[in-house]
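Enquirer: Knowing the structure of chain A, use the given hints to seat chain B on it.
Number of protein chains: 2
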Amino acid sequence: MAATSPQRITLIGLGTIGMSMAALHLERSNTTVDVFDTRPDLKDHVLNTLPNFLGQGSRTTGFDPQRSASLVKSFIESGRLNIHNSLNTACASATIVQEQGPENIAFKESLWAEVESLAPPSAHLWTSTSGIAASLQQGSMRDKTRLLVVHPFNPPHTMPLLEIVPGPETASERVDFAREYFSVQGSRHRPVVIRKEIPGFVGNRLAFALFREACHLVQEDVVSAKDLDNILMASLGPRWAGNGVFESYQQGGGEGGIGAFIEKLSSTMQEVWDGLGKVNVLGDEETGWKDKVISQVNDTYGTLTPERLHEKEERLKDFVEVQGKTYGDSHKE
Amino acid sequence: MAATSPQRITLIGLGTIGMSMAALHLERSNTTVDVFDTRPDLKDHVLNTLPNFLGQGSRTTGFDPQRSASLVKSFIESGRLNIHNSLNTACASATIVQEQGPENIAFKESLWAEVESLAPPSAHLWTSTSGIAASLQQGSMRDKTRLLVVHPFNPPHTMPLLEIVPGPETASERVDFAREYFSVQGSRHRPVVIRKEIPGFVGNRLAFALFREACHLVQEDVVSAKDLDNILMASLGPRWAGNGVFESYQQGGGEGGIGAFIEKLSSTMQEVWDGLGKVNVLGDEETGWKDKVISQVNDTYGTLTPERLHEKEERLKDFVEVQGKTYGDSHKE
Numbered sequence: 001m002a003a004t005s006p007q008r009i010t011l012i013g014l015g016t017i018g019m020s021m022a023a024l025h026l027e028r029s030n031t032t033v034d035v036f037d038t039r040p041d042l043k044d045h046v047l048n049t050l051p052n053f054l055g056q057g058s059r060t061t062g063f064d065p066q067r068s069a070s071l072v073k074s075f076i077e078s079g080r081l082n083i084h085n086s087l088n089t090a091c092a093s094a095t096i097v098q099e100q101g102p103e104n105i106a107f108k109e110s111l112w113a114e115v116e117s118l119a120p121p122s123a124h125l126w127t128s129t130s131g132i133a134a135s136l137q138q139g140s141m142r143d144k145t146r147l148l149v150v151h152p153f154n155p156p157h158t159m160p161l162l163e164i165v166p167g168p169e170t171a172s173e174r175v176d177f178a179r180e181y182f183s184v185q186g187s188r189h190r191p192v193v194i195r196k197e198i199p200g201f202v203g204n205r206l207a208f209a210l211f212r213e214a215c216h217l218v219q220e221d222v223v224s225a226k227d228l229d230n231i232l233m234a235s236l237g238p239r240w241a242g243n244g245v246f247e248s249y250q251q252g253g254g255e256g257g258i259g260a261f262i263e264k265l266s267s268t269m270q271e272v273w274d275g276l277g278k279v280n281v282l283g284d285e286e287t288g289w290k291d292k293v294i295s296q297v298n299d300t301y302g303t304l305t306p307e308r309l310h311e312k313e314e315r316l317k318d319f320v321e322v323q324g325k326t327y328g329d330s331h332k333e
Numbered sequence: 001m002a003a004t005s006p007q008r009i010t011l012i013g014l015g016t017i018g019m020s021m022a023a024l025h026l027e028r029s030n031t032t033v034d035v036f037d038t039r040p041d042l043k044d045h046v047l048n049t050l051p052n053f054l055g056q057g058s059r060t061t062g063f064d065p066q067r068s069a070s071l072v073k074s075f076i077e078s079g080r081l082n083i084h085n086s087l088n089t090a091c092a093s094a095t096i097v098q099e100q101g102p103e104n105i106a107f108k109e110s111l112w113a114e115v116e117s118l119a120p121p122s123a124h125l126w127t128s129t130s131g132i133a134a135s136l137q138q139g140s141m142r143d144k145t146r147l148l149v150v151h152p153f154n155p156p157h158t159m160p161l162l163e164i165v166p167g168p169e170t171a172s173e174r175v176d177f178a179r180e181y182f183s184v185q186g187s188r189h190r191p192v193v194i195r196k197e198i199p200g201f202v203g204n205r206l207a208f209a210l211f212r213e214a215c216h217l218v219q220e221d222v223v224s225a226k227d228l229d230n231i232l233m234a235s236l237g238p239r240w241a242g243n244g245v246f247e248s249y250q251q252g253g254g255e256g257g258i259g260a261f262i263e264k265l266s267s268t269m270q271e272v273w274d275g276l277g278k279v280n281v282l283g284d285e286e287t288g289w290k291d292k293v294i295s296q297v298n299d300t301y302g303t304l305t306p307e308r309l310h311e312k313e314e315r316l317k318d319f320v321e322v323q324g325k326t327y328g329d330s331h332k333e
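Those sequence lines, one after another, are chains A and B. Residue 222 in full-length UniProt numbering is what sits at position 222 of the first sequence, and the numbering runs on without skipping anything. Residue 99 in full-length UniProt numbering is what sits at position 99 of the second sequence, and the numbering runs on without skipping anything.
Pulled out of the complex, with its shape left as it was, chain A reads as follows (with noise of 0.2 Å):
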């Protein structure tokens, strides 16, 4: 079946992720979403939470949680939505089955086996995982080509990015289906296939090597937090919400490119590489840092007030909007 025809998708684990999932996939016309979690007040906590989730289409009238609200009853009374207590019956009619539980491989593996026996055979199995590859949680599966990481980027419903990894038994056109899924017109996300699983994928992998010198400067007194957290604001996060790192460095080589880039900036690029920190998170050495970060940055941003989440929420999908516009005649090309 074509990644376009309706889907019908269960959703396991209604954290925030699996909220804003739930909001994803409602976005789109052609869905029916069933949702399962343990929690027993699951359906009031429906109710209160996944309205703020939803109402991407009153941007310009701004947020009515009202709306949104009536938005999420008239979901449950069609029909698109269905809140399950029972596992059984939120996966036996499923095209799609979608888990954001615990990250613990124990837990994934057995609740795929029993997935597996509750789910339509054709049924797509996706891991919302930051951290644990499908081959690590397939191991109780008879089928073990269904299952496949689909990683949103916080919060999935805004954040455009969807790291589609598969395990080497994955099979390819489940790959594709995942990724043309994500494909469709008009929507906001941008789905990439990455080809071997690694920990923390890419996208993560990136950010955690700039983290990790980000508590190296601020752990030497090079910086604070809030000044390193503006330098980024200021310069890295515009430069590459417009183009990526070897782009940015392909212009910034002149007609020389990249290459002429690399060749000129070399001693300055392997004498940082040689300093970069080595701070750790485990173990003994070299944690010290952690106290630090951790205390500059309660005492800069503390708790982030309802209306901060708002505020950051609203400029990213500004951002968004901004990547997707066309200057001039620069969309002929």
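Worth flagging that the hints you see were computed from the coordinates, not collected in a lab. We put the CB at the ideal spot given by N, CA and C, even for glycine.
Okay, the calculated bits of chain A under chain B, using three or more residues with CB under 8 Å as the criterion:
1. 155 to 165
2. 195 to 203
3. 207 to 220
4. 228 to 237
5. 240 to 249
Taking lysine-lysine pairs in the BS3-like style, the calculated list, with each CA pair at most 25 Å apart, reads:
6. A:LYS325 <-> B:LYS226
7. B:LYS290 <-> A:LYS196
8. B:LYS226 <-> B:LYS292
9. A:LYS226 <-> A:LYS292
Expert: Chain B only, in chain A's frame:
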């Protein structure tokens, strides 16, 4: 003299950065700019190139080459822009001397000794270097308290960041002046003072930390250069355009903030840190990635056309504009 008072800025070196800097300074209403470069066609070069860096005010009606060209001519006629073939006349009345010459210690050391003998003793001395600390440039100066790094990000007239990096001997009032100069009301620039001299300062250290891992992932065939750029643009770019890395993780940890985030992700984070790529740009070891990365980047982007560069710059301006937007009541915080 206060940084908000009228300033007379001498620019030494009129390459791309120098030209962009000229546009930055001319955009302020109370500046006079003196430019010096050893190229014999300096006047033609300024008349032909500077118009491309001006015209910020005409965003709604689009870039108008004729209007920008007349603007440059009117700056020259009114005496706000002066083109010099002698360093002596260029520096004679400066309140600020800013150099963006070759990245070469010997060049800069001898330049500053000469500038010191030509410019008024009160003039502020700024180097746009991306790699040579002030303390390495001041060897032949009598008064070492005047020199500091003011490192822009490309392109300076659009990119908000200026890294202000004093050396151990730089006077604190010189640092304050530079920060205040770029903090003037209505400016899109955001200066940040770095507390210690360190190779690459902060912005490029963070960029190079991420770039090293990016090159490693391409070398290992985890992802193509093009897909890696797409991943960055679809996730970390827009995220860091709106929030620094620390605030993002403060949010990622929910109620527990960044401390909870680090705790929750610690095993994946440490695994990523332990496995970060160790490619090098100099020496014989692990430099084999260069051919693969350079050829993939050239194949993907080729020579960036003027239309593409214009699009990139316009999009960057739009991101910076979104950064300055207020949402709901959040600006009252």
